Amino acid sequence: MSTLIRQAGFMVRVNLLSLPRRLAISLSMALSIALVVCVLAGFLALAKGFERALAGAGSPMVAVILGGGAQQENGSDIPTETIRALQATTGDIGVVRDGAGRIVSSREVVVAVDVSTVADQAVRTVAVRGMDGAGATMRDQIVVSQGRLFAPGAREIVVGDQLATALGLTVGRSVRLGTIDWMVVGRFSAHGSAFESEIWADLDAVRAGFDRQNEVQSLRLRLMEPSGLMLLQARLSTLGTVPLVARTEADLYAAQSERTTRLIRLFAWPLALLMAIGATAGALNTMMSSVSDRTVEIATVRALGFQRFAAFIGTWVEAVFLAAVGVASGLVVSWLGFNGWQASTIGANNTRLAFELSVTSDVAVIAGLLGLAIGALGGLIPAFVATRLPLTAALRARG
Amino acid sequence: MTGAQDIYIQLESVSKAYRVAGQAIPIFSNLDLAIPRGDFVAVMGPSGSGKSTLLNMLAGIDRPDAGRVRIGTHHLDQMGEAARGSWRAHHMGIVFQFYNLLPMLTAAENVELPLLLKPVSARERRLRVERVLDLVGLSGRERHYPGMMSGGQQQRVGIARAIVADPGLLLCDEPTGDLDRASADDVLDMLQTLNQVLGKTILMVTHDPQAARRAKRTLHLDKGVFIEESRAAE
Chain Z
30 MSTLIRQAGF MVRVNLLSLP RRLAISLSMA LSIALVVCVL AGFLALAKGF ERALAGAGSP
90 MVAVILGGGA QQENGSDIPT ETIRALQATT GDIGVVRDGA GRIVSSREVV VAVDVSTVAD
150 QAVRTVAVRG MDGAGATMRD QIVVSQGRLF APGAREIVVG DQLATALGLT VGRSVRLGTI
210 DWMVVGRFSA HGSAFESEIW ADLDAVRAGF DRQNEVQSLR LRLMEPSGLM LLQARLSTLG
270 TVPLVARTEA DLYAAQSERT TRLIRLFAWP LALLMAIGAT AGALNTMMSS VSDRTVEIAT
330 VRALGFQRFA AFIGTWVEAV FLAAVGVASG LVVSWLGFNG WQASTIGANN TRLAFELSVT
390 SDVAVIAGLL GLAIGALGGL IPAFVATRLP LTAALRARG
Chain Y
11 MTGAQDIYIQ LESVSKAYRV AGQAIPIFSN LDLAIPRGDF VAVMGPSGSG KSTLLNMLAG
71 IDRPDAGRVR IGTHHLDQMG EAARGSWRAH HMGIVFQFYN LLPMLTAAEN VELPLLLKPV
131 SARERRLRVE RVLDLVGLSG RERHYPGMMS GGQQQRVGIA RAIVADPGLL LCDEPTGDLD
191 RASADDVLDM LQTLNQVLGK TILMVTHDPQ AARRAKRTLH LDKGVFIEES RAAE
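Chains Z and Y supply the protein sequences, listed in that same order. Numbers in our numbering are just positions in the first sequence, counted from 1, shifted up by 29. Numbers in our numbering are just positions in the second sequence, counted from 1, shifted up by 10.
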């Protein structure tokens, strides 16, 4: 082994062994870095959770047709005759048909409704989605977790698990939506996706209950394959005068999540970087104290013949080590505190969208790298100072 | 008299000044010194006489403003900082007044330090450490930390560290300055043995006349000039 590497390894060992002498200030450096990591990981987990909730809701095998130039269901309107014309289409338009040759589709309408929570009567605005019978089967990964689906034409609702938990709704309970009482007949799980923030009911019952006669905001169709979207879009362009656009469900929700996650990250990074600058100054101060505390030791080994490089590495690695302790602590606290934490925001239809914060591996890596960078940068100047200590300090100093 | 070929340490016309508040404070001016191999020299003098500067220059820690500093075949005044560090690692041992042991390391680990600078295997390092600790009378104390030892024992660890790499030159900076008389005598006995039995060249800076009497000769330094030389009785 090269003696230089051996010298550096020795200096690292001596520095780390001397840490108990500087326990308080070393812990304060690790703590400040842990705080930065916590803040950044928290915001990124928020963005990641929101992104996951919407990304999980969308399937690339389902096409959503919107009308009137709208980019989301809210504001979209598809005329009844257009739907009839599409359903009357024969030949391959890229979508799945049933045994009788009919296009498998679900007409849907979303209504924002105020609902009181069972626990404290707090009012929350939620999305009530009216859909055809095929609507539930059109969505991947939906599982009825309790009860059953709504019956056609009945004033029955099934509630997403996250929303049911937040509102305190249980199967068999009656709940007032608008001016009408509806019976909760089931709950469904959508693996934490945005669908779990919705209430589903029969399309005609919703249109009748909320005075939305004949209104259809979106039409969902199952694609034969993702490329079938182009065939469908080509067919839509030949239907009537109302502009229609078809997007995959995955694209629709990804576009919705993009704006919000970008906003969260736009807020998170400047805040985290400002805190990181403060933490870097703290790390620099801590490491200067460390060099001061070890002046005699550093000068002694340098007087014995150790090279400047070893003194540099010893101090720099100590800084990175303390940063790593801070990163590990910050990530553990973030994971325990944030991962799986329930949050909600206003979704695309001006309704409540619940999601879970998600401290994923990429969130941990990004926040961790920022923490390590604080230690690496904050340790540079003190490490350089350690290489420039006057060796005469060793000869007459009481060690 | 010593022939030129026997001179191990040689200072020729060495000058050194420190700048304090923009003003040059001269320490030496045209200082000459010649020490043959195997000598044991004590340097005495009042505070500010230049003893520490002389020691720093012989250790390669400081450089002269002018003149030449040669030890063996090495011209320290012409060597860069890294080269002087490497030279110290291979040719010189230092004994400090306050021992300068690293408190978080055991006696054996402290002694092992200079060997980390040489291509010596871990097994060889362990053997050499055991041997020198035995030589300074600390066999069995390998795993003791400095804080568990008396001042005299710590200085013996310091001496073991200085000789473990088998250097030709030992520089001792007030090696008994922090010790009681009995411990000081032990340390001086050891230095005499190293000089007489192992042939180490020793230069010792001291304020203690009893310590100086153990050396073969004593140089008296005052205001940067050797004013007197006394030799020990044969």
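Note that these hints are calculated values from the structure, not bench results. Every value quoted in this text rests on a predicted model; they were computed, and no experiment measured them. Do not take every clue at face value.
[As the list claims (entries may be wrong)] Some chain Z residues close to chain Y (C-beta under 7 Å, calculated; not the full set):
no., residue
1, Arg35
2, Leu46
3, Ser318
4, Ser321
5, Asp322
6, Thr324
7, Ala422
Even glycine gets a Cβ: it sits at the ideal position worked out from N, Cα and C.
Quick rundown of the hints versus the structure:
no. : hint   : verdict
1   : Arg35  : 5 Å, holds
2   : Leu46  : 4 Å, holds
3   : Ser318 : 17 Å, violated
4   : Ser321 : 16 Å, violated
5   : Asp322 : 12 Å, violated
6   : Thr324 : 11 Å, violated
7   : Ala422 : 10 Å, violated
Consistency with the previously given hints fails for numbers 3, 4, 5, 6 and 7, ordered from lowest to highest.
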